[in-house]
Amino acid sequence: MEKHIQTPLTDEVVRSLRAGDKVRITGVVYTARDAAHKRLCELLGAGEPLPFDMRGQIVYYTGPTPAPPGRPIGSCGPTTSYRMDPYTPRLLAQGLQGLIGKGRRSQAVIDALKARPGVYFSAEGGCGALLANYVKSSELVAFPELGAEAVRRLEVENFPVEVFCDCEGNIYSPYL
Amino acid sequence: MSVREIDAARLADAVARLYVSACLHLSPYVEEKLRDFGNPYIIENFETNGAIPLCQDTGMAAVYLEVGQDVHITGSIPDAVDEGVRRAVRDGYLRASIVTDPLRRTNTGDNTPACLYTDIVPGDRVKVTVVPRGFGCENKARIAMLAPADGLEGVKAFVLETARLAVPDACPPVTIGVGLGGNFDRAAYLSKKAVLRQGPNPDPFYGALEAELYKATKKFSLAVNILTAPTHIAGLPCAVSIGCHSLRCASEVL
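Residue numbers (my numbering), protein chains in the order written: chain P, 1 to 176; chain W, 1 to 254.
Certain hints may be false.
[Claimed, not checked] Taking CB as the label site, the calculated pair distances span:
{"no.": "1", "chain 1": "W", "residue 1": "Arg-90", "chain 2": "P", "residue 2": "Gly-27", "range": "29 to 35 angstroms"}
{"no.": "2", "chain 1": "W", "residue 1": "Thr-118", "chain 2": "P", "residue 2": "Arg-15", "range": "56 to 62 angstroms"}
{"no.": "3", "chain 1": "P", "residue 1": "Arg-18", "chain 2": "W", "residue 2": "Leu-103", "range": "39 to 45 angstroms"}
{"no.": "4", "chain 1": "W", "residue 1": "Leu-160", "chain 2": "P", "residue 2": "Gln-107", "range": "19 to 25 angstroms"}
{"no.": "5", "chain 1": "W", "residue 1": "Ala-216", "chain 2": "P", "residue 2": "Phe-52", "range": "32 to 38 angstroms"}
[What the hints assert, rightly or not] No more than 27 angstroms apart at the CA atoms, straight line, and that leaves these computed lysine-lysine pairs for DSSO-like:
{"no.": "6", "chain 1": "P", "residue 1": "Lys-3", "chain 2": "P", "residue 2": "Lys-114"}
{"no.": "7", "chain 1": "W", "residue 1": "Lys-218", "chain 2": "P", "residue 2": "Lys-22"}
{"no.": "8", "chain 1": "W", "residue 1": "Lys-219", "chain 2": "P", "residue 2": "Lys-22"}
{"no.": "9", "chain 1": "W", "residue 1": "Lys-33", "chain 2": "W", "residue 2": "Lys-219"}
These are computed hints drawn from the structure, not numbers from a lab. Just so we're clear, the structure is a prediction, and the values are computed from it rather than from any experiment. Beta carbons are placed, not taken as given, at the ideal position from N, Cα and C, and that holds for glycine.
Whenever a hint applies, use it, and build me the whole structure from the sequences.
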């Protein structure tokens with residue numbers, strides 16, 4: 001059975017999710033991948049404000065292809081999450097509560113999810129054409145010079161994910 | 001002996017066409033394997049209308065040219081290949097994923113340059129193959145300079161260890177390409193070629209090894225393909241490349 005959740009997340013919603021749950025997300029998610037994570041943490045290091053309020057938000061690790069005419073976004077599947085591991089605990093400490101990507105996370109990220117509490121979702125890797133159908137709009141938020149790696153605000157509807165790591169540190173993947 | 005002339009502009013056109021096509025459509029061979037594997041999301045993904053790329057990582061373009069020794073390409077081959085990539089990215093709405101320098105990391109903005117490989121072969125044709133290699137799987141490749149004493153068991157252990165480290169980070173079901181022998185770089189090159197091989201291994205010894213390794217990985221793999229080359233008395237180079245389920249490749253002959 002699928003669980004339907006809305007963004008922004010709350011502690012109550014996060015605590016209701018278990019590793020292996022199939023979940024549909026509706027609301028706003030923010031894109032950020034390698035270069036954007038580095039920039040966000042540099043802003044934090046310099047004591048500067050972040051381009052969006054992270055409290056309760058979900059970050060989606062994706063770098064979409066350019067939107068062809070008549071579409072809100074191009075192909076937009078998840079990128080591999082472990083490359084964001086060095087930055088993720090810091091963003092969770094800013095209030096970030098959900099992550100979407102693919103693949104394993106470090107123990108430090110799992111511990112930070114337990115502390116927040118937060119949840120790490122896995123989207124189906126390599127299915128960017130399909131996942132684009134669940135994105136209703138895309139708006140540039142920060143770092144336009146990063147191109148595909150810029151931070152974008154996506155409105156998603158029934159976006160399909162699976163809980164890879166829940167807030168108790170349980171892990172699920174059909175391939176492990 | 002006459003030499004056939006081909007304008008480099010034709011090469012640019014072919015690269016542009018093949019790169020877009022490879023990003024939008026899988027080969028019937030790969031589609032059939034994925035249908036057999038049965039993940040409904042993946043099947044639905046390649047059954048979409050072909051308007052946007054199958055995967056947002058449209059890769060670093062690996063371009064393989066098999067150039068007949070009786071062909072002369074007029075104009076710059078590397079420039080023509082990069083022109084083809086540039087046009088594909090612009091007109092096909094592919095992603096610009098290449099940075100100028102590994103540490104200073106400024107995006108080139110047009111996904112150039114390609115990784116260009118050339119082979120000289122008999123004949124007067126040019127075979128152009130474009131492989132959009134995403135880095136989700138590229139990052140999972142490994143190489144071991146094994147010793148001859150490591151033998152078959154050493155090879156099996158290294159292949160299986162690499163495959164298990166690759167998933168679920170790279171997108172399963174993966175195709176596992178093994179390059180055995182040659183030298184350090186030849187083994188890596190062969191492992192990439194092995195990912196793209198279609199059909200059975202003509203050597204029954206390696207066919208049986210592929211079947212054994214596939215059996216151990218079939219929960220998350222489509223195939224294990226092995227390519228070999230003669231090697232040195234002191235070595236047993238073993239490279240493993242991973243192909244994600246979006247196993248994209250397109251070729252044509254000029």
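State, for the Cβ atoms of W/Ala-216 and P/Phe-52, whether the hinted interval 32 to 38 angstroms holds or is violated.
-> About 45 angstroms separates the Cβ atoms of W/Ala-216 and P/Phe-52, which means 32 to 38 angstroms is violated.
In this structure, is the beta-carbon distance linking W/Leu-160 and P/Gln-107 contained in 19 to 25 angstroms?
-> holds (24 angstroms)
Sort out whether P/Lys-22 lies within 27 angstroms of W/Lys-218, counting only the CA atoms.
-> holds (24 angstroms)
Given the hint that P/Lys-3 pairs with P/Lys-114, test it: the Cα-Cα distance must not exceed 27 angstroms.
-> holds (21 angstroms)
How does the Cβ-Cβ distance of W/Thr-118 and P/Arg-15 compare with 56 to 62 angstroms: does it lie in that range?
-> holds (58 angstroms)
Given the range 29 to 35 angstroms, decide if the beta-carbon distance of W/Arg-90 to P/Gly-27 lies inside it.
-> The hinted range 29 to 35 angstroms holds for W/Arg-90 and P/Gly-27, with Cβ atoms some 33 angstroms apart.
Is W/Lys-33 close enough to W/Lys-219, meaning Cα to Cα at most 27 angstroms?
-> Between W/Lys-33 and W/Lys-219 the Cα gap is close to 13 angstroms, so the pair holds against 27 angstroms.
Hey, W/Lys-219 versus P/Lys-22, does the alpha-carbon distance stay inside 27 angstroms?
-> Roughly 20 angstroms separates the two Cα atoms, so the pair holds.
Status of the given 39 to 45 angstroms range, CB of W/Leu-103 versus CB of P/Arg-18 | holds (41 angstroms)
Comparing the model with each earlier hint shows a violation of hint 5 alone; every other hint is respected.
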